[in-house]
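A.B. asks: As a plain string of letters, each chain reads:
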Amino acid sequence: MNYFVQRLAFSILSLFVLVVITFLLSHVVPGDSAIVAAGPNAGAEKIAAVRQQMGLDKSLLTQFGLYAGKLLSGDLGTSWFTHQPILDDLKRELPPSLELVVVAMTINLLVSLPLGLLTARYNGTRFDDIVRVIAMAGAGLPIFWTAILLQQSFAAEWRIFPVAGRLGFDNRNFDGATGFYLMDSLFAGRPDIFADAVMHLILPAFALSLLFTAVGVRITRTAMISEFRKDYVLLARAKGAGEVRIMARHVFPNGATPSLTVFGMQFGWMLGATVLVEEIFGRPGIGRYAVKAVTQSDIHAVVAVVLVVGLVFLAANLVVDILLYALSPHKRSGS
Amino acid sequence: MTARAEILGYPKNAVEKMALIIAAVIMLIAIFGGFLAPHDPLLIDFRSKLEAPSWEHLMGKDGSGRDVLSRLLTGAQLTILSTFAVIAVVLVIGCSIGILSTFLGGWADNLLMRIADIWLGFPPLILALGFAAALGASLEAAIWALIFSWWPNYARLSRMITADILSQKYIASASALGVPTWRKVVFYIIPNAFDVLIIQLTLDISAVMLAISGLSFIGVGAQIPAPEWGAMIADGRNFVNTAWWVVAYPGLAIFVTALSFNIIGDMLRRELDPTLRRNT
Amino acid sequence: MTVFKKFTPTASILALSLALPAIALAEPTGVLIIAENETPENLDPANATNSTVNQLLVGVYDALVQFEAGETSVSPQLATEWSVSEDGLTYTFTLRDDVMFHDGTRMTADDVVFTLDRLQAASAAVTNDMGPYGSAKVVDDYTVSLILDAPFGPFISALSRIYIVSKAQVEPHMSDDNARGWLAVNEAGSGPYAVANYKPTEIVSLIASENYWGGWEGDHVAEVVFRYIGEPSTQLALLKAGEVHIAPDITVQDKLALMGTDGFTVDVGAAATPLYFQINTESDGPAGDLEFRRMLAQTFDRQLHLDFVLQGMGSLPDGPLPPNWAGHAPGTELGFDLEAAKAMVDENGWGDVTLSVRYLPAIEEEQAAVEQLQSNLAQLGITVEAEGMTWPAQAATVQNLETTSDINMIYNFPSFPDPHAILNTSFNSQNAGHNGGYNWAQYSNPEVDALLNEAASSSDQAKRAALYAKAQQLIGADYPVITVSLPGSVVAMSSAVKGYTYNVAHHQTFNYMDISVD
Chain A
-2 MNYFVQRLAF
8 SILSLFVLVV
18 ITFLLSHVVP
28 GDSAIVAAGP
38 NAGAEKIAAV
48 RQQMGLDKSL
58 LTQFGLYAGK
68 LLSGDLGTSW
78 FTHQPILDDL
88 KRELPPSLEL
98 VVVAMTINLL
108 VSLPLGLLTA
118 RYNGTRFDDI
128 VRVIAMAGAG
138 LPIFWTAILL
148 QQSFAAEWRI
158 FPVAGRLGFD
168 NRNFDGATGF
178 YLMDSLFAGR
188 PDIFADAVMH
198 LILPAFALSL
208 LFTAVGVRIT
218 RTAMISEFRK
228 DYVLLARAKG
238 AGEVRIMARH
248 VFPNGATPSL
258 TVFGMQFGWM
268 LGATVLVEEI
278 FGRPGIGRYA
288 VKAVTQSDIH
298 AVVAVVLVVG
308 LVFLAANLVV
318 DILLYALSPH
328 KRSGS
Chain B
419 MTARAEILGY
429 PKNAVEKMAL
439 IIAAVIMLIA
449 IFGGFLAPHD
459 PLLIDFRSKL
469 EAPSWEHLMG
479 KDGSGRDVLS
489 RLLTGAQLTI
499 LSTFAVIAVV
509 LVIGCSIGIL
519 STFLGGWADN
529 LLMRIADIWL
539 GFPPLILALG
549 FAAALGASLE
559 AAIWALIFSW
569 WPNYARLSRM
579 ITADILSQKY
589 IASASALGVP
599 TWRKVVFYII
609 PNAFDVLIIQ
619 LTLDISAVML
629 AISGLSFIGV
639 GAQIPAPEWG
649 AMIADGRNFV
659 NTAWWVVAYP
669 GLAIFVTALS
679 FNIIGDMLRR
689 ELDPTLRRNT
Chain C
620 MTVFKKFTPT
630 ASILALSLAL
640 PAIALAEPTG
650 VLIIAENETP
660 ENLDPANATN
670 STVNQLLVGV
680 YDALVQFEAG
690 ETSVSPQLAT
700 EWSVSEDGLT
710 YTFTLRDDVM
720 FHDGTRMTAD
730 DVVFTLDRLQ
740 AASAAVTNDM
750 GPYGSAKVVD
760 DYTVSLILDA
770 PFGPFISALS
780 RIYIVSKAQV
790 EPHMSDDNAR
800 GWLAVNEAGS
810 GPYAVANYKP
820 TEIVSLIASE
830 NYWGGWEGDH
840 VAEVVFRYIG
850 EPSTQLALLK
860 AGEVHIAPDI
870 TVQDKLALMG
880 TDGFTVDVGA
890 AATPLYFQIN
900 TESDGPAGDL
910 EFRRMLAQTF
920 DRQLHLDFVL
930 QGMGSLPDGP
940 LPPNWAGHAP
950 GTELGFDLEA
960 AKAMVDENGW
970 GDVTLSVRYL
980 PAIEEEQAAV
990 EQLQSNLAQL
1000 GITVEAEGMT
1010 WPAQAATVQN
1020 LETTSDINMI
1030 YNFPSFPDPH
1040 AILNTSFNSQ
1050 NAGHNGGYNW
1060 AQYSNPEVDA
1070 LLNEAASSSD
1080 QAKRAALYAK
1090 AQQLIGADYP
1100 VITVSLPGSV
1110 VAMSSAVKGY
1120 TYNVAHHQTF
1130 NYMDISVD
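Chains A, B and C, in that order, give the protein sequences.
To convert, note that position 160 of the first sequence is 157 in my numbering; the numbers rise steadily by one, no gaps.
Positions in the second sequence are counted from 1; adding 418 to them yields my numbering.
Positions in the third sequence are counted from 1; adding 619 to them yields my numbering.
Don't take each hint at face value.
Stated by the list, open to error - Derived pair list, reagent style DSSO-like, types lysine-lysine, alpha-carbon separation capped at 30 Å:
| hint | chain 1 | residue 1 | chain 2 | residue 2 |
| --- | --- | --- | --- | --- |
| 1 | A | Lys88 | A | Lys67 |
| 2 | B | Lys602 | B | Lys587 |
| 3 | B | Lys467 | C | Lys961 |
| 4 | B | Lys587 | A | Lys227 |
| 5 | A | Lys67 | A | Lys43 |
| 6 | A | Lys55 | A | Lys67 |
| 7 | B | Lys467 | C | Lys859 |
| 8 | C | Lys818 | C | Lys1117 |
| 9 | A | Lys43 | A | Lys55 |
| 10 | C | Lys756 | C | Lys818 |
| 11 | C | Lys818 | A | Lys67 |
| 12 | C | Lys1117 | C | Lys859 |
| 13 | A | Lys43 | C | Lys756 |
| 14 | A | Lys88 | C | Lys961 |
| 15 | B | Lys430 | A | Lys227 |
Derived from the structure by calculation, the hints contain no laboratory data.
Values in this document were obtained by computation on a predicted structure and should not be read as measured data.
Work out the full structure: start from the sequences and follow the hints.
C.D. replies: Written out as structure tokens, the structure reads:
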């Protein structure tokens, strides 16, 4: 337990450092949100007045102090453009992105783990070579490139999947409690909306996951190969245990653990990459929100996004750590 | 180092041989591309914009009437060089921090590595936008943003390797003999780390290249009229329907380059990483 | 978030329609779906200068006077008539007595005064164009006076962006942010449509208001839905699939292709939104030299830009003002003559000069214009370095003379069709970049200022036209600007959309209150 406390403490410290750096960065930026907020033809006087209202005229240290104070009480500040608490903005924008990432990660795991296992088992065969080349090819495709291609073919041309959005037109007024439409639709007893949401998620999730899955397959394969070489496998085979049993009961669980670390990090990276897919598929999300915040120099919103993505990354890694600890109590990562 | 000469003996099949050849060709194009271009890559001619491929213009023309092939050849320099710039700087900074961290040991080591862990989660796209707003959108901004985001990879990797090496018996003997730290680093750590690092490096080439094109897509990156491959795709993405060649060829270029380096990286890993030696 | 009932025919309307068949009181039916690439920040009428906010509010709120789509002068809306005092300082408006807000309360002069007071207190952007506006006063329930500190010719036109809110609904939320927080996500309007669903990054829907005081003559839609889609190719795919009716942000090529396609219409509205290269007249480098600027003024081919970048969808500019506006003076800018420019470069030894240009890369037209300039000047030996920026970043750089680049690209989106909105905004030294305004050439000419100020304070239209003409001539002689284009407002839509007309006073909005869908 001491290990986790230490880990947590360091992580919080690092997060703090991250926030400081982002805050500084956004203030060094020459973009002037007061000008945007004041509107056209405002005149120097009015811009100065608006700047004062926004608190931008105080010293950097003071501004950061005020911000950090509010942060500790859970107040992420108010967006100067939506005039809403940024926390509310994030509550609206984070679920769609998280939903997308969860589905993409699911695709990733469902493909990477079995393929990694099988290619490791049949290491050196044609099958292994083919999968490896496909994986390397997949790792060479830019995400937005894939997204455009998928959209133009499967959606626009062949009309198999919807072109854009989270839900179809008929369901446009659906409002869930959590913002995660997959869950909300089930809670509300609307399997039709669930299906609609899934249809809208397939293409974007696939585009997002392709790159990460390609990498995932190879990471898993490497880990599984090491497992297959271990003595206990030889022993089990010598004892006459079935191949499937060996793979399922021993190699897979043991081999999956090291790759878990990478999958945990991929979760965070995927969240950072959602903007590419959100733009193309017209979905709301934290990526689009972040881009808008930066283009408007909405400082607090930018810092908030970095904080939240960092937190998600942290959480994913912590979950992985706990899983690793649980799966292999005799090993402790990092000691 | 010996690896460079041996590399020619590594390819085990046609695919790997192809990859080496393609990578070599691309490196050559990156250096000499400008001279090979049949047309001026920057000459605008709105009258002939989005012209389909022809004998005169093998890859057609883009949205401003410029020859796609010429831009592809000239742009190789930008794309490849920026990729290598990022990797080179990240290698130096990351490894310095990693090696330093190992030598510091204790809580400082822990702290640095935790910071590196958290830093990995920093969304590079957001950072790039921030740099773009601060420095003005440019290829330089994109490169800085990627350097800023990528160093933790190498910090962690080099720390792992350094820690591993330092725990070997021969290091203890060296310390007993009074070998100074810097000699240890230069003569023991770096040569032994080289193999692992070079594998990571070649695999990162494709990742960085894709990252640069992703940044161009959202507006950070090479400025007009520079023919960086990612920027070419970003520029042409609205014409996917009508003028597929504007996006297809740069996309293909990135894809082929990334794939080749991935295959090479894989090949190097097989040859150089002793833990993966296959049972013959 | 207030929720509004769907429009259902009430008994009274049914009775009316039976009793008076001559009056075509048609119940609004159908849905209009509009794609938009930029998400709105909020619903606050204080921010109606922002086109993505304005496009939502233009049918949700009413103003005292308004520009109808297709018109270049105002018509009465909430006010039935108005008069100006002798000294030009007091405007008295008679208000309609039958206007109901969406919550059922009646509009009175109190609401007008409250709206204006609130906008002043909140330093709202929409007040920037009201000139020397001072205060408002209730005269009686349906009469209100607006008092200026000095006469201001275009005052009435500026009122078209002042949307009247319901005092009863907004006042309880004033607290310490002047109701900005509340009005950001709620509305308190009296217009034909009400906001039903506000999910600003995804979808906003408006529903026809049952008790709209103007009644529902003719064909109208019952619901208007805005879908926020950033990518042009996605908008095109949705338009072709029939999932949106209007796709304003597709590429020029695609618009051209749709023009000849069955099932689609492309409307080219005569817009008055000039695109400028503003040249830094205060630069220490060559751009600060009048002769150099005269050379530059001949290096851009506007016809080429119109023909091949805008594909003919726009008009050829002749100076900074749209040619068909009162007060336009012809021939104040030099034409394209690269030979003459080359001669000047050789004569003055300007080869090897490097200039910096800042622009917004997201705008296709701006990028193409910069590319053309780069290409043309390269032939003269002059290098042009382009720097793509975000709006706030670019605006921040011109606040300081040292950080202003040699050339800045900027549109002028006049809030109302009056030369003041263009010439004063872009060329009065009061509005220079370093004074916080949009005169990014940092242009300062006291004679021009005097002419512009005089024209602003007069209500004699003939006199104003003459003054503006003179101002343009003086401006032209200083070469602070190259007018790149007058792009048309080109909107691609399904041919099922009937009744769309471009509104020159509300650029980048749609007159959805006049539209019906087959």
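A.B. asks: Mind listing which of the numbered hints don't hold for this structure, in increasing order?
C.D. replies: 10 and 14
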